[in-house]
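So the chains spell out like this:
There are 2 protein chains.
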Amino acid sequence: MRIVSLAGGIGGARFLRGLRAAVPHAEITVIGNTGDDITLFGLRVCPDLDTVMYTLGGGINEEQGWGREGEHHLIKAELAAYGMEPQWFGLGDKDIATHIVRTQMLNAGYPLSAITEALCTRWEPGVRLIPMTDDRAETHVVVNDEQGRRAIHFQEWWVRLRASVPAEQIILVGADDAKPAPGVLEAIAEADVVILPPSNPVVSIGTILQIRGIREALEAKTVVGVSPIIGGAPVRGMADACLTAIGVQTSAQAVLELYGSRLIDGWLVAEQDGDVALDGVRVLARPLLMSDLDATTEIALAALELAR
Amino acid sequence: MRIVSLAGGIGGARFLRGLRAAVPHAEITVIGNTGDDITLFGLRVCPDLDTVMYTLGGGINEEQGWGREGEHHLIKAELAAYGMEPQWFGLGDKDIATHIVRTQMLNAGYPLSAITEALCTRWEPGVRLIPMTDDRAETHVVVNDEQGRRAIHFQEWWVRLRASVPAEQIILVGADDAKPAPGVLEAIAEADVVILPPSNPVVSIGTILQIRGIREALEAKTVVGVSPIIGGAPVRGMADACLTAIGVQTSAQAVLELYGSRLIDGWLVAEQDGDVALDGVRVLARPLLMSDLDATTEIALAALELAR
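Heads up: the protein sequence lines correspond to chains A and B, in order.
Residue numbers for the first sequence follow my numbering, so the first one is 735 and each next one is one higher.
Residue numbers for the second sequence follow my numbering, so the first one is 735 and each next one is one higher.
Derived by calculation from the structure, the hints in this document are not laboratory data.
Each pair may be met inside one copy or between any two copies, as identical chains are not told apart.
Below 20 Å or equal to it, Euclidean Cα-Cα: the simulated SDA-like pairs (lysine to any residue) are:
#1 LYS810 to MET839
#2 LYS810 to LEU825
#3 LYS810 to GLY776
#4 LYS810 to CYS854
#5 LYS810 to ARG778
#6 LYS913 to ALA848
#7 LYS810 to ALA852
#8 LYS810 to ARG856
#9 LYS810 to TRP822
#10 LYS810 to THR855
#11 LYS913 to ARG949
#12 LYS955 to PRO916
Please put together the full structure from these sequences, using the hints given.
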C-alpha cells in the first residue's frame, strides 16, 4: 500500500508514528510543511521537517514534542552573551548541528529536498520525507498591536508572542512562485490513499495546500482527514488562534468545511463531535487523543478503515 | 605608553596576559595572526584571534590553552553522526557560538576587523585586538607522503597530522593581495615599542610579517623579541617542524637571524641561551618559562627593560 500524508510538526509527527506502526509494510511518503522555516543566526531552521525526522527517528524530546532528547543550550546562552537577537527562539545545541549541516548544503547549492533526504539517511524515519517545496515560501502574520500594524514571521507570532496578539491575516509569502518539490506530485499520483493528520489546518496543512498543484492533485485521490479539533478545542497547540485569523470557527465541522468536500472523502472526528456532517464526506467518530503509541495506531487504523 | 604586539595563539596570548599585568596603564594593540583561519562546516574559525580574546577575556580553557572553559562537544558528535568531514578539528559548542556570530557578520558584509572589535566588546580583553588583515590569506603546507605531493591547509598539517609529515614548503596563500587591516599600520606608527612574543616565528609572527607593509613599518620602530626557543627546543608547540620546513635551525640564535637585525633591536633569550649574539641587537638573558602570571609578567618587564 502506498500512503501519502501531509504533516506539520508535533501533532503530525506523532500521528505518523502511529501510522507507521499501523501499516509497517506500507510505503509512506510524508509531505512536510516548510512555511514555518526561518533563518536564525545565518542558520536555516526547518522546525516541522525536523520534528518529523526526530520523532520518527527516535531523537525527539518526548515530553516537549520538539527538539532533541538530552539537549543542551550552551550556544543559546553564548549568543545572548554576544547580544545577538532574537533570543526568543529556543535553539538547542544538538539541534543546531542539524541546521549547520543543512545550511552548509544549501550554500553548496543542494535543494532542501536533497538535503532532507541526506539528513534522513542518519535518522531512518521509516518514511520518505519530502518538503512541500524547495522554494522559499514563509508564513507571515499581520498583527496590529501597540507597535502598529505590521507583518511578522510566523515564528515571531507563534513563539515570541505565543499567538497572544490576534492575527489579522496569515500570508504565505512566496506561495505564488513556489513549486512542489521533486517527488511530491508523483507520490500523490501513485498514492492509494492520502491522510491528513491532526496538524494545524491553517499554518501546516493549509500551507501545504497553497503550493501550486498540490490541492488539485489531492482532489483526484481518496483523502481522509483526522480532525485536529476535539469538542471545540485544538488537540494541542494554538490552532484556534489561526482559525480565528481566517474567520473559521474552532470546530471539527468548520475545519471540515474549510478543507471542503472536493478535497476530503473521509473525516475522522472525536466521539463528542459525532454530529459533524458534510455532503459527499463519510464521517467516522472514534477516540482521537494520541495519548500513546497504541492509541495513535488505533486512530491511524480508523483513518485507513475510513479510506476503504 | 603605547605598545604594539604581534601574536599567534597560546604562547602569544599567555605572554600578553603578562604584558597587560606588567603595564596596566599602557595602550596595547595586538596584531593577530589570521593565517591559521579556516572555514569548517560553513563557519569561519579564527583560532589565534579567539585564543587571544578568550585568554585575555577570562574565557579560555586554562589547561588546554585554547578553546573555552567548561566546554561541551555535542555538536562535534552530531556532525560526525551525520557523516560530516572533517572530524579531526575539535570545535567545542561554546566556541561554535563565536564562529556563528562571526560568520553571520561576515555574510552581512562586515570586515573581520570590525567583527573582532564587536566580539571583544563582550570579552573586554584590555587590549585592542586587530587581525593582521581583513583579506583572505591562509597558510598552506606542501607535504609529500604516501598520498603524494600536495598542499594542505595549515590546520590539516598541524592538527590532523600533528606536523608528523615533514613540510616541504609553508605558503601564505593570498599574501600578495592582502592589505593590513585598518588600524594596523597606524598603531605601529604611533607605538613607543613593539614586542614580538614567543609565538611561532614561522606560522604566527612570520605570517604577520608577510602582510604588505607590516615588516617595513616595524623596521622603523624599536622592536624587542622574546625567543620562542629555549635551549634548542620550542617553549611549547611544534615550532621546530615549521623552522625545519624553511631551513632554519631550532635555536634562539637562528630565530634571531631569521627575524634579522633590521627588524629586531632587542632579543630576550633564556638563561641557557646567553651566548646568542647578532650585530646591532641587544641581547638579554632571563628565565623565559611562562609558568604562571607572575613569571610571565617578569618576562614582559624584561622585554620592556630591553626596549629602553
